[in-house]
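Take these sequences, add in the hints, and give me the full structure.
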Amino acid sequence: MHCTFNYALCGDENDDYDALWDGFIHRIETSERRNTVDVKKLYVGPEGVSSLVHLPDDLQNLYMLSENSAPQIALLVRGGADAKNLGPMIHSCLKAIDWMCTQNAQLQFSPSTQCYAVEHNSQLTLTLEKCLLNRNHNRENIDHPLTQTLLDRLPPSLWSAGPTDVGLLTVDPVMITLREGAVPLYQAQYPLTQQQVSGIEKTIHGLLEAGVLTPTHSSWNTLIHPVPKAGKPDYRMVHDIRAVNKVVVPTNSVTPNPYTMLNAISSEHKFFTCIDLRNAFFSVPLHRDSQNIFAFMYKGQQFAYRRLPMGFIDSPSIFNHILR
1 MHCTFNYALC GDENDDYDAL WDGFIHRIET SERRNTVDVK KLYVGPEGVS
51 SLVHLPDDLQ NLYMLSENSA PQIALLVRGG ADAKNLGPMI HSCLKAIDWM
101 CTQNAQLQFS PSTQCYAVEH NSQLTLTLEK CLLNRNHNRE NIDHPLTQTL
151 LDRLPPSLWS AGPTDVGLLT VDPVMITLRE GAVPLYQAQY PLTQQQVSGI
201 EKTIHGLLEA GVLTPTHSSW NTLIHPVPKA GKPDYRMVHD IRAVNKVVVP
251 TNSVTPNPYT MLNAISSEHK FFTCIDLRNA FFSVPLHRDS QNIFAFMYKG
301 QQFAYRRLPM GFIDSPSIFN HILR
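Each residue of the sequence shown is one higher than the one before, counting from 1 in full-length UniProt numbering.
Among the clues, some could well be false.
Unchecked claim - Dumping the calculated BS3-like pairs for lysine-lysine here, alpha-carbon to alpha-carbon at most 27 Å:
1) K202 / K84
2) K40 / K84
3) K270 / K84
4) K202 / K232
5) K299 / K232
Since the hints were derived computationally from the structure, they do not count as laboratory data.
None of these values were measured; they are calculated from a predicted model.
The structure is reproduced here in structure tokens:
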């Protein structure tokens, strides 16, 4: 994470700023002070997500970006936007006077900026650095001459071939433990429209062929909600198993805290990547005795999961434990 104080192109006259910067660096090196700043709010808007940084006066003197910007730490840049848009977004949020309360006491909304403000209070210690960046910084370097050669070395099976392309891990099937006194929960499925039925038909058939679902007769049943995908004729099948989550004994596995993981990244790390494990939970087998707990109804037929379902309270922690 970084908070940009100034941005200058090579060849620009920066003597005054360089003198100001060097003088400040000299003072903190001789005093061994910590450059601690306050982070008061997080803003979520059309350009992305960013945290507002309150700088002490001496650090504020080093902040030389546009007067229409504000000190901030970029957390997420939305597709089609640029990191440089987040400073002006924060500035607009600070100027907005139409903040409205929401049902969440920690959350406000501004119609004029289309931004949400999340109450937050933390402190960060800044490490001051002057960086010389190439022209491709903050952009994917996808034009390397060996890009296609390197990609061709990867097996095709590494990539998902479709929404129901699912693997299977060779691990012991997961057994779900119910709380003492728990009885089967049966929620009658409400009628679906023909569009909803047709919209998830491919998903149901694909998961049956992949071995994720199986026909069943169960005393358990919870609701499915087909949700339309934006700009597409298909629907996303959402299985509401919150009622099941309330009657199971949770595992003791811990899901990693993203904040802790990010703090473990040092300034020496230079290369980063990310990977999306598609249908990850569906690759974990579910014990036969636990499958009927997650039953649902579609077109008059009950189906149950043979794999760890989405929406189950322990799916993230169980998968992470297996992954580690």
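Outcome of the hint check:
no., hint, result
1, K202 / K84, "violated (41 Å)"
2, K40 / K84, "holds (20 Å)"
3, K270 / K84, "holds (21 Å)"
4, K202 / K232, "holds (14 Å)"
5, K299 / K232, "holds (22 Å)"
Taken one by one, the earlier hints fail for this structure only at number 1.
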